[in-house]
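Student: Listed below, chain by chain, are the residues.
Protein chains: 2
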Amino acid sequence: MVRVVIVGGGAAGASAAARARRLDPSAEVVLIERGSMITHAPCGMPYAIGGIVKSHEELMTYSPEEFEKERNIKVLIRTAVVDVDVDKRVVVVKRGESTEKIAWDKLVIATGAKPLVPKIPGVELKGILTMRHPDEVPHLKGHLEKAKTVAVVGGGYIGVEMAEVLLEMGKRVLLFEMFDQVLPAALDPDVAAIVAEEMKSRGVELHLGEKVVEFKGSDHVNKVVTEKGEYQVDEVVLAVGVRPDVDLAVRAGAKLGETGAVYVNEYMETTVPDVYAAGDVAEKVHRITGRRVWIPLAPTANKEGQVAGGNAVKGRVLKFPGVVGTAVTKFYDLYIARTGLGEKEAAQLGFKVQSSLIKARTKAHYMPNASPVHVKLIAEESTGRILGAQIVGKSQVVAAYADIMAVTIQSGYTLSDLFFSDLGYMPDTAPVWHPLIVAARVLSKGRL
Amino acid sequence: MVRVVIVGGGAAGASAAARARRLDPSAEVVLIERGSMITHAPCGMPYAIGGIVKSHEELMTYSPEEFEKERNIKVLIRTAVVDVDVDKRVVVVKRGESTEKIAWDKLVIATGAKPLVPKIPGVELKGILTMRHPDEVPHLKGHLEKAKTVAVVGGGYIGVEMAEVLLEMGKRVLLFEMFDQVLPAALDPDVAAIVAEEMKSRGVELHLGEKVVEFKGSDHVNKVVTEKGEYQVDEVVLAVGVRPDVDLAVRAGAKLGETGAVYVNEYMETTVPDVYAAGDVAEKVHRITGRRVWIPLAPTANKEGQVAGGNAVKGRVLKFPGVVGTAVTKFYDLYIARTGLGEKEAAQLGFKVQSSLIKARTKAHYMPNASPVHVKLIAEESTGRILGAQIVGKSQVVAAYADIMAVTIQSGYTLSDLFFSDLGYMPDTAPVWHPLIVAARVLSKGRL
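Chains as they are written, first to last, in UniProt numbering: chain A, 1 to 448; chain B, 1 to 448.
Extracted from the complex, chain A is given alone in its bound form (with noise of 0.2 Å):
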């Protein structure tokens, strides 16, 4: 009888823990949680923060106890795992006072990421909040609530949502960002553009190229410090980015990768023999470019820790093949969405590329309800192979047509292959010519 233990509940962990006790129904399958929540959703945070989402718990999927009973895995929650002995095969854990070894046949490391935190004068300051857990909800809750006016410290995914959040919040919000645009490490500037566009409209003090440098107050922050100026504020979301939690991999003695993060094979293995890495811990392979990459996204996490759960009980059964780096936001109606390489990341990795901008409608133009789209595709030169699409448009569609363009670019598409897709229509639903097709004819500049 093999005996699992994976280390981490979100969604990486309990994805391998469920399939390897389905793989193995004889198998012991242990599941180790630091917090109180398993098979949690981050990603739903900020909707739970702004009441959209009654309670936090019902980010979780599973309750520990479901989990225990229906699926009979072993869950421990409030435990931290303190330190590996990969000789002996055995996890020492924490459980309020006392300490426990438990021992395995293999280890599933599935620990996450964790927020960036600068190390600037101030930031440790109380007020200066960073978001991980779902089960932080209410304290989070608790400190913005009482606030008139909130930074939001980091322009990506997560400031993004939580500006709308807070301005619905009834909070005045100001959003700083580094570099001169919004989302920068998933949009190109001319389609973060349009993000921007929208954010100010709805009344967010965006601060773009304005880094800040300093938090100011005694006890609790009660300012902003940029290289640009000082701003008044009562609570700051710090949201700047995030790290794989590679503590326990690097104790096993896991090969980090050069992104930082684990060096796992296809296999999710990790370069530890029995210790496999999935999730946000761990690299990824770029399916365009072959290079590995660090994009930490719940729906990687969950497919990789299936690989991992299910070759943790049966050997090399399944295979992870990579990403291509799809992903969505949204700020109020405005949805938005990429896959691929971005134009400039696409020419620092040497490629010649060509882009076209192109604005359509998401329905025929007789249609009422049509919500205009702006989509952005880029290819390479030469060959017209696809590399990338950005999306931005008024409806929940937009994050459908970037699913379209991972397909597309994952398999190898040229502008000709997507021109040619036989993609439906009907008016309430498109306009007969698609408006990803009328990107591709307008890239095609004149051959389609």
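Take the hints with a grain of salt, since some may be wrong.
Because identical chains cannot be distinguished in the list, a pair is counted as satisfied if it fits within a single copy or across any two copies.
[Claimed, not checked] Taking lysine-lysine pairs in the DSS-like style, the calculated list, with each CA pair at most 27 Å apart, reads: (1) K363 / K394; (2) K223 / K319; (3) K146 / K74; (4) K394 / K54.
The set of hints was computed from the structure by calculation and includes no laboratory data.
Please arrange chain B on chain A, whose structure you already have, making use of the hints.
Tutor: Okay, now just chain B, sitting in the frame of chain A:
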């Protein structure tokens, strides 16, 4: 200077004309249309009849004048092509009472499809309406506005869409379909049952498995007679299907394929030199099976027109790769989409298939406004190759799910390829396990 004559001003013809003009500025391009509108959208007719679209003229993308002025294309409206002489390279046209000959070097036949009118007693009565061309909208609207009870004969796309429109116009609606399900050409019975349930709950009196055998009335129809009964009605919408309008192609000596539509190769060439066919009049190749099919839809017509027009002036510069049968319709807020082969269809073609039908949601479970979505996947049992998908749900994203599946099917994806596709996620756009990925996992029967 080449002279290109295009017969038919709909999707295929207008695209062919525009493309020929674009690729050869010196060509003489003549577009001949029987009706009064070009670049028209018959797919929008139900919504113009119902008043959601204010005027049927909005269904035009370009007026004949705009097309002439902005594109330098000679447009002849209200002009019927009554004959063709391939040896002399002329078409004979009738405008009002006058007949004239127009010479061509290249001829593109884009005569489209026309409604099928079954040879049953009474079918010639007044008040039995078919739908083909947007310029008939005022006539149809006039008839239907006065009616209290309307029979829709045929439960295909037009029948389903007209049922909604007629209910919204305040009519009592009886829908007759000879097969025992709605959308028999599009959906498998299990998915069609979901649509039928919605139609009934909105008030459509569905008569499935009930063939209409006669219409009664003295001058104007007042009764529909089926194998099972007689029904008092005021008007009838006859929507039992369409067939290719091949008259001109036959006169030109072009071979028809086994489907009854015009046989064309991937360059949209007919068997007659310098004569092309594009759009609903032409056969298509199915990309899954390589078989010739007749699936007349506007996006295909547009692309085929593009290929025919380009090749007419430049020789074989573009190839049309065929279709996978993506189609979409809606009934109120229930969107209905499909692509690939149906389960029965695949079995009839010799595939040993397996299928799954799952129910999921379009957003994370904790988000407001998540709609249920039903996903059916059909795959080849031995290889896991995906053959078809049918999706029904109360969100426009359903249509885009079919587009995602169309691309996977075109690309020969297996269930595993789909499962590992990098589809995006945030709580407001999808569950973290995307419905399509869940469907792939379920259908893999434990392999994923």
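Student: Compare the structure with each hint and give your call.
Tutor: Each hint, compared with the structure:
no.	hint	in the structure
1	K363 / K394	both (12 Å within a copy, 16 Å between copies)
2	K223 / K319	neither (49 Å within a copy, 63 Å between copies)
3	K146 / K74	neither (40 Å within a copy, 69 Å between copies)
4	K394 / K54	both (25 Å within a copy, 24 Å between copies)
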